[in-house]
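Colleague: For what it's worth, my numbering labels the leading residue of the sequence shown as 251, then goes sequentially.
Rather than coming from a laboratory, the hints here were simulated on the basis of the structure.
You may find that some hints are simply not true.
Now the in silico label distances, taken between C-beta atoms and shown as ranges [claimed, not checked]:
{"hint": "1", "residue 1": "L787", "residue 2": "G287", "range": "43 to 51 Å"}
{"hint": "2", "residue 1": "D716", "residue 2": "K610", "range": "41 to 49 Å"}
{"hint": "3", "residue 1": "A291", "residue 2": "A538", "range": "47 to 55 Å"}
{"hint": "4", "residue 1": "K309", "residue 2": "V378", "range": "46 to 54 Å"}
{"hint": "5", "residue 1": "S305", "residue 2": "G539", "range": "48 to 56 Å"}
{"hint": "6", "residue 1": "C283", "residue 2": "K610", "range": "36 to 44 Å"}
Below, simulated DSS-like cross-link-like pairs (lysine-lysine); rule was C-alpha separation at most 30 Å, straight line [stated by the list, open to error]:
{"hint": "7", "residue 1": "K408", "residue 2": "K800"}
{"hint": "8", "residue 1": "K610", "residue 2": "K632"}
{"hint": "9", "residue 1": "K801", "residue 2": "K279"}
{"hint": "10", "residue 1": "K309", "residue 2": "K801"}
{"hint": "11", "residue 1": "K530", "residue 2": "K543"}
{"hint": "12", "residue 1": "K543", "residue 2": "K610"}
{"hint": "13", "residue 1": "K374", "residue 2": "K632"}
{"hint": "14", "residue 1": "K878", "residue 2": "K800"}
{"hint": "15", "residue 1": "K801", "residue 2": "K632"}
{"hint": "16", "residue 1": "K800", "residue 2": "K530"}
{"hint": "17", "residue 1": "K308", "residue 2": "K374"}
{"hint": "18", "residue 1": "K800", "residue 2": "K543"}
{"hint": "19", "residue 1": "K374", "residue 2": "K279"}
{"hint": "20", "residue 1": "K632", "residue 2": "K530"}
{"hint": "21", "residue 1": "K530", "residue 2": "K878"}
{"hint": "22", "residue 1": "K801", "residue 2": "K878"}
{"hint": "23", "residue 1": "K308", "residue 2": "K800"}
{"hint": "24", "residue 1": "K308", "residue 2": "K279"}
{"hint": "25", "residue 1": "K878", "residue 2": "K308"}
{"hint": "26", "residue 1": "K878", "residue 2": "K317"}
{"hint": "27", "residue 1": "K279", "residue 2": "K878"}
We put the CB at the ideal spot given by N, CA and C, even for glycine.
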Amino acid sequence: MQVFMQVFAFLFLHLPAVLGQATYPSEFKLEYCTPDGTCHANTFSCPHFQMRLWSYYKKKTHRLPLKEAWFLIGLPGEYRDELVSSCPGGMLTAAFLVAKASLYSNPERAGMYFQVGIDMLANKLPEVHRAVALDTWPVTEAHDEYLDTHDELEAAKKVRAEEVLANAGTRGRISLSASGDGEIEKKRLEEGGKTSTPTTGPPASAPSVTSASPPAAVDSTTRRTTSPTALAPTPLATTTVHQSLDLAIVHCRESLAWIANELVWPVDVLRTLRLFIYEKCDENGDLAGTAIKLEENFYGRSTVGNAETAQEAIQDTSESDQSTAAQQQLDSILHTRYNVTLGFGAKIGALHVLGLQDAKDQVTLRSARRDECSAYSAHVSKMLFRDGKARTSTYERQKFLWENKEFLADDILRFAQKENLNEHMIAHQKELEDENVLEQVHATAVSSGATLKNEGTEQQVIGDPDLGDFTIFLHGDPISHWQQFQYSYLNLMLSAMQQGRLDVRFLHLSTPRLVAVRTPCQDQVFRYVMGRGREGLLETYCCAQFLVSKKQLMSIPESRLERLQQIVDGSIPDLCERVGPTYEKYQGQRLSYCYSLEFMWHVILGDQPEGEPLRSDNAEVPFFLRWKDNEESYPLWRDPFSYYVMKSEFMKKR
Numbered sequence: 251m252q253v254f255m256q257v258f259a260f261l262f263l264h265l266p267a268v269l270g271q272a273t274y275p276s277e278f279k280l281e282y283c284t285p286d287g288t289c290h291a292n293t294f295s296c297p298h299f300q301m302r303l304w305s306y307y308k309k310k311t312h313r314l315p316l317k318e319a320w321f322l323i324g325l326p327g328e329y330r331d332e333l334v335s336s337c338p339g340g341m342l343t344a345a346f347l348v349a350k351a352s353l354y355s356n357p358e359r360a361g362m363y364f365q366v367g368i369d370m371l372a373n374k375l376p377e378v379h380r381a382v383a384l385d386t387w388p389v390t391e392a393h394d395e396y397l398d399t400h401d402e403l404e405a406a407k408k409v410r411a412e413e414v415l416a417n418a419g420t421r422g423r424i425s426l427s428a429s430g431d432g433e434i435e436k437k438r439l440e441e442g443g444k445t446s447t448p449t450t451g452p453p454a455s456a457p458s459v460t461s462a463s464p465p466a467a468v469d470s471t472t473r474r475t476t477s478p479t480a481l482a483p484t485p486l487a488t489t490t491v492h493q494s495l496d497l498a499i500v501h502c503r504e505s506l507a508w509i510a511n512e513l514v515w516p517v518d519v520l521r522t523l524r525l526f527i528y529e530k531c532d533e534n535g536d537l538a539g540t541a542i543k544l545e546e547n548f549y550g551r552s553t554v555g556n557a558e559t560a561q562e563a564i565q566d567t568s569e570s571d572q573s574t575a576a577q578q579q580l581d582s583i584l585h586t587r588y589n590v591t592l593g594f595g596a597k598i599g600a601l602h603v604l605g606l607q608d609a610k611d612q613v614t615l616r617s618a619r620r621d622e623c624s625a626y627s628a629h630v631s632k633m634l635f636r637d638g639k640a641r642t643s644t645y646e647r648q649k650f651l652w653e654n655k656e657f658l659a660d661d662i663l664r665f666a667q668k669e670n671l672n673e674h675m676i677a678h679q680k681e682l683e684d685e686n687v688l689e690q691v692h693a694t695a696v697s698s699g700a701t702l703k704n705e706g707t708e709q710q711v712i713g714d715p716d717l718g719d720f721t722i723f724l725h726g727d728p729i730s731h732w733q734q735f736q737y738s739y740l741n742l743m744l745s746a747m748q749q750g751r752l753d754v755r756f757l758h759l760s761t762p763r764l765v766a767v768r769t770p771c772q773d774q775v776f777r778y779v780m781g782r783g784r785e786g787l788l789e790t791y792c793c794a795q796f797l798v799s800k801k802q803l804m805s806i807p808e809s810r811l812e813r814l815q816q817i818v819d820g821s822i823p824d825l826c827e828r829v830g831p832t833y834e835k836y837q838g839q840r841l842s843y844c845y846s847l848e849f850m851w852h853v854i855l856g857d858q859p860e861g862e863p864l865r866s867d868n869a870e871v872p873f874f875l876r877w878k879d880n881e882e883s884y885p886l887w888r889d890p891f892s893y894y895v896m897k898s899e900f901m902k903k904r
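The task is simple: from the sequences and hints, build the whole structure.
Modeller: This is the structure in structure tokens:
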């Protein structure tokens, strides 16, 4: 014992002094009221946030704690200051994570959030807190990922600008600097893309930044460091190519006021917006066939990087001296027929109103409601099949029915037998032979230098389909479907389109998830449209509201889209047997195929896996849109009620 004490005393006297750190608090309860009078009571777990961050940055999962990060950065100032001391690594990583997410929709604000993180490191943390945060939290990883993403997006912006300047026929538009001189901007691009210094002031909802402006950009190869306090991204480029949008809406009698009142439209996206309204209920049947296209350059150019929206401009009618008859007509239609704010219609690119009557079933000879399915299919076919050529013959449709006769009810089987398969086959072969003859004649004429004469038929050059960069498919009342459609989520995408930074093939916009089921009807719809059997459960989101990119739409096989059209336009009778309550006035009142299609839009139009991941877990969903999209509420684990059922059952067994 005496020896031990002597050794201990020696060590105590001769070991160098080191800084000590007490344990950080684990959980926080935050109660506060917002200016609108709403009071909140939230709990936040610092260690759980830490675990989720490391799980993402170590590439164990695609899910990131985006909601938690935004929550921390958006807290009242006194809470943020407290958490900088009590959970410093969490606040630092949250700032850099939020900065990266903002790069896609608001680059200037992204720089502000980045500066918030730099300021925390430089000015608000004692050395011991800084060292612990850098060593135990993915601060450096989040910082470096922001820088890499910033430079990748800026490089992509330059490439897109060069492409648009070289191809004047695209619907994408360039937002130039205040000078509005396209030649100056083109010259800047040719010289390597001179850049301007970004704003460094803090956002209104973030802690104030007191540190000096950061030094000039550092090459990405030299950025890696254990202390990111002195690094800054490359300044913002001056030329932005925004992305264009087509909005396809299935309409019955709903008010479309939400288009102007709930959606926040960036100026450049709004002025190239094309609105397609598919009338299903004859409410505005007299408008069917209306097509009004405004001059795409009427509003000129907007300021670069300006997050200004068109909300104020919508209310401003002072430009009457510049308005045209087409603008006034379009604006009047949207206002009087669809309850859209007066002035909005004069700001968009085009309006198309199309009548779409539900076809009768070929067996029951009664109308069958086809809901959104016939409108979505008609829109895709209209926009892609501009030559009017059928992709699947009657013979092929009847052949499918005959090959699947074991799945058909007796009346449907008689329908299949009624059609003479051999006659259809002969006609189909003749069509193919005629096409081959025409192709040979055309090839001979081209090779000989002769001009091919039209025999009473206009030859049409198809080329690039007239599509927006993205198409959004929505119901006339999008938020009424389970009350979980979020306009704010869609507004994030619109902001990213303004920056030209939305990069996604297919994205569901609604919640909740559908409970996965498997039925013979669903199997047959999938097999017919996709041309193959299912490989697993169809897992996806509710309510058939989604976004699809132009690139994705153009990649879909034409035969698939043709079969999709046939499954909903009455070409094929409703083969599905009803089981249980159907809420139909008569059997077949609602097309059963449409309900099945709700489970497979992500496969048919998106080429996504049949088991579509959650948005928060899906690597193909852009970083800034990977929000957790469901909330469940249970008693807290420490709440005695949590154990009530367990204890009750235990006592019964005792």
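Colleague: When the hints from earlier in the document are held up against this structure, which numbers fail?
Modeller: Numbers 2, 4, 6, 9, 12, 13, 21, 23, in rising order.
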